[in-house]
Amino acid sequence: MLPPQGSAYAGEVDTVYMALFWLSVFLFLGIAVPAIYFAWRYRYKPGRVTPHQTHNTLLEIIWSVIPLLLCIGIFFWGLDGWMKYAVAPGEAMEIQVVAKKWLWQFEYPDGSRTVGEVHVPVNKPVRFVMTSEDVLHDFFVPDMRVKHDIIPGRYTQVWFTPTVLGTHHVTCAEYCGKGHSDMQAKLVVENEADYQKFVETGGTEWEDYKMKPAEWGKLQWERKGCSTCHTIDGTRIASGGPSWKGIWGKMEKLNNGQEVLVNADYVRESMMQPSAKVVAGFEPIMPTFQGLLREHEIQGLMAFIKSLGNDPNGGPPAPTVLSLPPKPVDQKK
Amino acid sequence: MEHTLKSQAHVADRPRPVKNYINNDPGIWSWMTTVDHKRIGVMYLVGVLSAFLIGGIFALLVRLTLMTPNHMLFGKVLMTAETYNRVFTLHGAIMVFLFIIPSVPAALGNFVLPLMLGAKDVAFPRLNLASFYLWVIGAIMAVMSMIFGAVDTGWTFYTPYSTSTSGTVTLMTMAVFVLGFSSIFTGINFVATVHKLRAPGMGWFEMPLFVWGIYSTAIIQVLATPLLGITLVLLALERVFNIGIFDPKIGGDPVLFQHFFWFYSHPAVYIMILPGMAIISELIPTFSRKTMFGYRAVAYSSVSLALLSFIVWGHHMFVAGQSQLATVIFSALTFLVAIPSGVKMFNWLGTMYKGNISLETPMLYAISFLLLFAIGGLTGIFLGTLSTDVHLTDTYFVVAHFHYVMMGGTVIAFIGGLHYWWPKMTGRMYTEKWAAIGCALVFWGFNQTFLTQFFLGSKGMPRRYYNYLDQFQPLHAFSTYGSWILGAGLFLTAINLLASLRKPYDAPDNPWGGTTLEWQTSSPPITHNFEDQPVLERAPYDYRPEVVSH
Amino acid sequence: MSTSTTDLHSHGGDSHGHGGHDHADPHFQHHFTDMEQQFDTSKIGMWLFLATEVLLFGGLFVGFGLMQARYPQEFLEAHEHLQKPLGALNTIVLLISSYTMVMGVLSAQRSQTKKLVGYLSATIVCACIFLMVKYFEYAHKFEDGLLPGHWYSHKGDLIPNSHGYATFFSFYFMMTGLHGIHILAGIVVLLWILIRAKRGEFSKAYFTPVDLVGLYWHLVDLIWIYLFPLYYLIK
Ligand code: HEA
Ligand code: HEA
Ligand code: CUA
Ligand SMILES: [Cu+2]
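Residue numbers (the numbering used here), protein chains in the order written: chain Z, 1 to 333; chain W, 334 to 883; chain H, 884 to 1118.
There may be inaccurate statements among the hints.
DSS-like cross-link-like pairs, simulated, lysine-lysine; straight-line CA separation at most 25 Å [to be verified]:
{"hint": "1", "chain 1": "H", "residue 1": "1081", "chain 2": "H", "residue 2": "998"}
{"hint": "2", "chain 1": "W", "residue 1": "836", "chain 2": "Z", "residue 2": "178"}
{"hint": "3", "chain 1": "H", "residue 1": "998", "chain 2": "H", "residue 2": "1017"}
{"hint": "4", "chain 1": "Z", "residue 1": "178", "chain 2": "W", "residue 2": "792"}
{"hint": "5", "chain 1": "W", "residue 1": "409", "chain 2": "W", "residue 2": "352"}
{"hint": "6", "chain 1": "H", "residue 1": "926", "chain 2": "H", "residue 2": "1081"}
{"hint": "7", "chain 1": "Z", "residue 1": "250", "chain 2": "Z", "residue 2": "84"}
{"hint": "8", "chain 1": "W", "residue 1": "582", "chain 2": "Z", "residue 2": "100"}
{"hint": "9", "chain 1": "Z", "residue 1": "100", "chain 2": "Z", "residue 2": "186"}
{"hint": "10", "chain 1": "H", "residue 1": "998", "chain 2": "H", "residue 2": "926"}
{"hint": "11", "chain 1": "Z", "residue 1": "84", "chain 2": "W", "residue 2": "792"}
{"hint": "12", "chain 1": "W", "residue 1": "582", "chain 2": "H", "residue 2": "1038"}
{"hint": "13", "chain 1": "H", "residue 1": "998", "chain 2": "H", "residue 2": "1087"}
{"hint": "14", "chain 1": "Z", "residue 1": "197", "chain 2": "Z", "residue 2": "186"}
{"hint": "15", "chain 1": "Z", "residue 1": "197", "chain 2": "Z", "residue 2": "124"}
{"hint": "16", "chain 1": "Z", "residue 1": "250", "chain 2": "Z", "residue 2": "277"}
{"hint": "17", "chain 1": "H", "residue 1": "1024", "chain 2": "W", "residue 2": "582"}
{"hint": "18", "chain 1": "Z", "residue 1": "178", "chain 2": "Z", "residue 2": "101"}
{"hint": "19", "chain 1": "Z", "residue 1": "45", "chain 2": "Z", "residue 2": "84"}
{"hint": "20", "chain 1": "W", "residue 1": "766", "chain 2": "W", "residue 2": "352"}
{"hint": "21", "chain 1": "Z", "residue 1": "101", "chain 2": "Z", "residue 2": "124"}
{"hint": "22", "chain 1": "H", "residue 1": "967", "chain 2": "H", "residue 2": "1038"}
{"hint": "23", "chain 1": "Z", "residue 1": "124", "chain 2": "Z", "residue 2": "186"}
{"hint": "24", "chain 1": "Z", "residue 1": "101", "chain 2": "Z", "residue 2": "186"}
{"hint": "25", "chain 1": "H", "residue 1": "1017", "chain 2": "H", "residue 2": "967"}
{"hint": "26", "chain 1": "W", "residue 1": "687", "chain 2": "Z", "residue 2": "45"}
{"hint": "27", "chain 1": "H", "residue 1": "1024", "chain 2": "H", "residue 2": "1038"}
{"hint": "28", "chain 1": "W", "residue 1": "409", "chain 2": "Z", "residue 2": "178"}
{"hint": "29", "chain 1": "Z", "residue 1": "277", "chain 2": "Z", "residue 2": "245"}
{"hint": "30", "chain 1": "Z", "residue 1": "45", "chain 2": "W", "residue 2": "409"}
{"hint": "31", "chain 1": "W", "residue 1": "582", "chain 2": "Z", "residue 2": "101"}
{"hint": "32", "chain 1": "Z", "residue 1": "212", "chain 2": "Z", "residue 2": "224"}
{"hint": "33", "chain 1": "W", "residue 1": "792", "chain 2": "Z", "residue 2": "186"}
I should point out that these hints are in silico values taken from the structure, not numbers from a laboratory.
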């Protein structure tokens, strides 16, 4: 009757559900059986005289008070479960969710992102902080028995502790137009090691860019903040860095008078130890990105810078295919 | 002057008057300009049943589309996602605003209420006609919004979707606005009628329970509908002028719209069910030939349901982003509604106990109501309970819940009442056998369609879904087959009723042995309802032999 | 209530004692028992209608309150743009019109047709003054770009780019606008009553329409009595 349970909380909800189910069966029979029995037992006989029973105060009280007590009980039981749903533990890991027509975007604590798929470590509370870019949506995970509306201009949240490894279903439960019923995502619950490996790869997004390192690099340029200092059209940002346009393969003048060929080695060094070689006319204000860029992101950036180069045939080579860490093991059961 | 409640035998002896409200003043024009509550009731009846037919056809299309996951029929895709969204929106909007809200009060209530009170008409006959024409205008506007564009917002019109989608949403909201005023006018009329036009000798607790139910409904219509009106005006202004009250992009609050909407629409569900319950309170004592058990409790429960209905709207918004405190309070208040509903159920059973029960068609519908409303109401408890609602909200569980209360509750009661008063309204008896078969088909088909949906919803099938996971396919198909049986039952019922109109007048004045005043006049009634002003000397539903055969 | 209904119908020597006399009155509608019942019924109907009006505005008041809680600073600042003296003037004008309306109803009840016509005209004049003042206020707002929602184009607010100001004016125009429409409708029905009064249709035997329009007019005034402090005197 109910979907598989993906968390301990789901079990609690199901207990209430099943209790209500059996209570309802009982109350339904309490109405249906007399109704049908009376219709048969007191079926019409011409001339039969019926008693003149106008009311019975005691009965009236009984069948008001007993349901009232039942209802009070049910209310508190439901409240008890709901409190757990409503209040996330402080140590919960936080995943940012952006919903829009008609896809799901997830951002992990380290800044990696995925679309249409979210990975979480097993047995650890995880909190989804959600907002929408257009209309209302609703984050619904049947296996976890949780859902919450997502509202543009606001942040709402939902949390759970997944306990069952494997893929669960995320689905949009607030009507949002044409693609409402296609607004799905996969929730992959995996063990800690696999999750770490997944985060290491920065999510699955790169798969889309596998064949196009330069595009991948352009994305990093926007995301990692390079674009705040570096333009790609040759213009210069005040108190920023040199534009990347046309630098690949060129001899760059440094502030110590020397020159350096802009190639893979130099670009990598510029990211990791920017102050080692400072371009003439610029301040050494570029922060180091040591530890902040993954290998495939660095490669992507290089490919991107190269694609902006002015020397189509010369210059040192840049990667054409990203070398990526192994994909996490698929735990579909 | 006629002083007594008559038994069936007595009344049948009376000759049928040649002139009645139907043939008194023939011609389309005289119908269109009539202020006779009976004629207005009949025109309303034709109107709401047409709306029911259109809404029902949309419903069958919805079910047909969902029968297979790829929406194929005879090798063709039946409709696209956009069309599907429009179809279920129109289904919901037509059923709610054009059909079920005016159904019992405006159609049956208009006809029966003044008769039951022994009055010549409602308090404001011209307002009554105005209300009908507003309904017609609203209906035309709604239909135009269908033809000249489309509305795909769901019947709830949630912002910001409704303010950003293209189509004729503005026209549709204005249609609903006009329909709201139609409903307000009916409400004002009935409250004033009940207060002022009761027959001599009829105190508040000598009113038939149908009147109590309609009276409670009218109070909600008057007090809740203005809020819907203003909400829809705001929505239209938002769409046309970008005033920014609900639009988060310019500082508005989309959740505010939901509060406004449900502040009306929750009470509206009691506008729907109270008249249904009111009919059942007539049918059960009449066909059990026994005094209504707990008359006062049932009367008070109608009023308390009406009042409680104003303070529970937030239960539609448990996961919508209202404050957590509000959520808890609304859940607690929601449970209170179960008590007066239960009181009614148990008193109906108490009335059947030791009765003399004949199972004519209206009573078959009454018993169906008891079973179906029990299921609908009890599943409402699942939804009022916080932890289970979080899982069930916006799934087919909710869809099943509200069809059980609206279709299984109100519509079943409405059709039961229609069969009950049909002889009075038309002067003809329908064929009992076909009516009973129709009722059985409806009961079976209905359960097959919607019981299934509780399971779909519990398993996590969201509502308003065009595509669904393959795992849900068997249940969806089963539900669709049910809708065919249901449709067949309803069509059979409609044909059976219509067929009776071809016969000459054959209905006795009081075919069921009813005790309320409408059975004292002829079938069909004369234009001024009663030959002489009836005077009530004892309470309704008094089946003591010494009273009946006086 | 129930006993009085019964009384009305009882054919004994009841206190209302209009009897068959009523049926001569051209305004008598056949489905009532007598004029008294007809009058009471109309009054109930009118009160119910007023209840719907209160709720219509009630919804907007609630919306205003919620938005004020969201943008307290902006609302406070925005209300400075409203012209208190004009608002106060309008309040006084409406209070006077309420008085003339009361006197009008009294005159009708006393069959003083001339006075009735005078008071009704005075009420209509007040209503027109009110609308004129409102027109100047609106014109001023339009000039300064103090407009609802995305039409808002006023410069130099303390909190730049906040939507609160526009929201304030959304509510301001909606509520005063809806109220204005009610005044306009009031003028129309007052004119209609005035014409009928001139024809001498009202007397102590039949003054229901005057009474009902009076009730309506008081409600419209009352709503202004709430709108005025809400918008012009925010603290
Ligand atoms: C005729 C209309 C009607 C009626 C009568 C009801 C009756 C009730 N409804 Fe329903 N409801 C709707 C129409 C109606 N509803 C609609 C249209 C929607 C969805 C709208 C949308 O989103 O599109 C909805 C949605 C809805 C929700 C929101 C679900 C969601 O979206 O998450 C909730 C939540 O609390 C709810 C609860 C109830 C309850 C508690 C009752 C109670 O009144 C039921 C009381 C009756 C009983 C309980 C049975 C008899 C009593 C006894 C046998 C006594 C003993 C009982 C106990 C001890 C429990 N309803
Ligand atoms: C009164 C209210 C009412 C009624 C009666 C019905 C009746 C039916 N409804 Fe509807 N439904 C709603 C109100 C109603 N519905 C609402 C409010 C929604 C939500 C919309 C939204 O999400 O916005 C909804 C949504 C809804 C959905 C969900 C769509 C989705 O979420 O994607 C489905 C799916 O199965 C459905 C099916 C049906 C079916 C098969 C019937 C059948 O019972 C219909 C049977 C009727 C007929 C086949 C017509 C026959 C009539 C005649 C022949 C004329 C009659 C005369 C006499 C009998 C005298 N409805
Ligand atoms: Cu997103 Cu529905
Ligand atoms: Cu509700």
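Do the hints match the structure? See the list:
For the proposed pair residue 1081 of chain H and residue 998 of chain H, the alpha carbon gap of about 10 Å is at most 25 Å, so the pair holds. Taken as a hint, the residue 836 of chain W and residue 178 of chain Z pair is broken in the structure, with Cα atoms around 51 Å apart against an allowance of 25 Å. Restraint check for residue 998 of chain H and residue 1017 of chain H: the C-alpha separation of about 29 Å exceeds 25 Å, so the hint is violated. For the given pair, residue 178 of chain Z sits about 23 Å from residue 792 of chain W by alpha-carbon distance, which is consistent with the 25 Å threshold.
Of the supplied pair hints, the one linking residue 409 of chain W and residue 352 of chain W is violated, its CA atoms being roughly 56 Å apart against a limit of 25 Å. Restraint check for residue 926 of chain H and residue 1081 of chain H: the C-alpha separation of about 23 Å stays at or below 25 Å, so the hint holds. A C-alpha spacing of about 61 Å is found between residue 250 of chain Z and residue 84 of chain Z, which places the hinted pair above 25 Å, so the restraint is violated. As the CA atoms of residue 582 of chain W and residue 100 of chain Z are separated by approximately 15 Å, the hinted pair is consistent with the 25 Å bound.
Pair hint residue 100 of chain Z plus residue 186 of chain Z holds up; C-alpha atoms about 16 Å apart against a cutoff of 25 Å. Restraint check: the Cα-Cα separation between residue 998 of chain H and residue 926 of chain H comes to about 23 Å, which is no more than 25 Å; the hinted pair holds. A C-alpha spacing of about 22 Å is found between residue 84 of chain Z and residue 792 of chain W, which places the hinted pair at or below 25 Å, so the restraint holds. Between residue 582 of chain W and residue 1038 of chain H the alpha-carbon distance is near 19 Å, which keeps this suggested pair within the 25 Å criterion.
Taken as a hint, the residue 998 of chain H and residue 1087 of chain H pair is honoured in the structure, with Cα atoms around 14 Å apart against an allowance of 25 Å. Of the pairs offered as hints, the one joining residue 197 of chain Z and residue 186 of chain Z holds, with about 18 Å between alpha carbons and a cut-off of 25 Å not exceeded. Proposed proximity of residue 197 of chain Z and residue 124 of chain Z is supported: the alpha carbons are some 16 Å apart, at most 25 Å. Between residue 250 of chain Z and residue 277 of chain Z, the direct Cα distance comes to roughly 15 Å. Compliance with the 25 Å bound is thereby established for this hinted pair.
At roughly 23 Å between alpha-carbon atoms, residue 1024 of chain H and residue 582 of chain W fall within 25 Å of each other, so this suggested pair holds. The straight-line distance between the Cα atoms of residue 178 of chain Z and residue 101 of chain Z is roughly 9 Å, inside the 25 Å bound, and the hint therefore holds. With a CA separation close to 58 Å, the supplied pair residue 45 of chain Z and residue 84 of chain Z exceeds the 25 Å bound. Restraint check for residue 766 of chain W and residue 352 of chain W: not satisfied, since their Cα atoms lie roughly 30 Å apart, outside the 25 Å limit.
For the suggested pair residue 101 of chain Z and residue 124 of chain Z, the alpha carbons sit about 30 Å apart, so the restraint of at most 25 Å is broken. With a CA separation close to 21 Å, the supplied pair residue 967 of chain H and residue 1038 of chain H stays within the 25 Å bound. In summary, the hint linking residue 124 of chain Z to residue 186 of chain Z is supported, as the alpha carbons are separated by about 18 Å, within the 25 Å threshold. Between the alpha carbons of residue 101 of chain Z and residue 186 of chain Z the distance comes to roughly 17 Å, so the proposed pair stays at or under 25 Å and holds.
For the proposed pair residue 1017 of chain H and residue 967 of chain H, the alpha carbon gap of about 12 Å is at most 25 Å, so the pair holds. Of the pairs offered as hints, the one joining residue 687 of chain W and residue 45 of chain Z holds, with about 12 Å between alpha carbons and a cut-off of 25 Å not exceeded. About 13 Å separates the Cα atoms of residue 1024 of chain H and residue 1038 of chain H, which keeps this hinted pair within 25 Å; it holds. The suggested pairing of residue 409 of chain W with residue 178 of chain Z holds, with an alpha-carbon distance near 20 Å, which does not exceed 25 Å.
Note on residue 277 of chain Z and residue 245 of chain Z: the hinted pairing holds, with a Cα-Cα distance of about 19 Å set against a maximum of 25 Å. Among the hinted pairs, residue 45 of chain Z with residue 409 of chain W is inconsistent with the structure: their alpha-carbon atoms are about 57 Å apart, more than 25 Å. Straight-line distance between C-alpha atoms of residue 582 of chain W and residue 101 of chain Z comes to about 16 Å, which keeps the hinted pair within the 25 Å bound. Between the alpha carbons of residue 212 of chain Z and residue 224 of chain Z the distance comes to roughly 18 Å, so the proposed pair stays at or under 25 Å and holds.
About 17 Å separates the Cα atoms of residue 792 of chain W and residue 186 of chain Z, which keeps this hinted pair within 25 Å; it holds.
Consistency with the previously given hints fails for numbers 2, 3, 5, 7, 19, 20, 21 and 30, ordered from lowest to highest.
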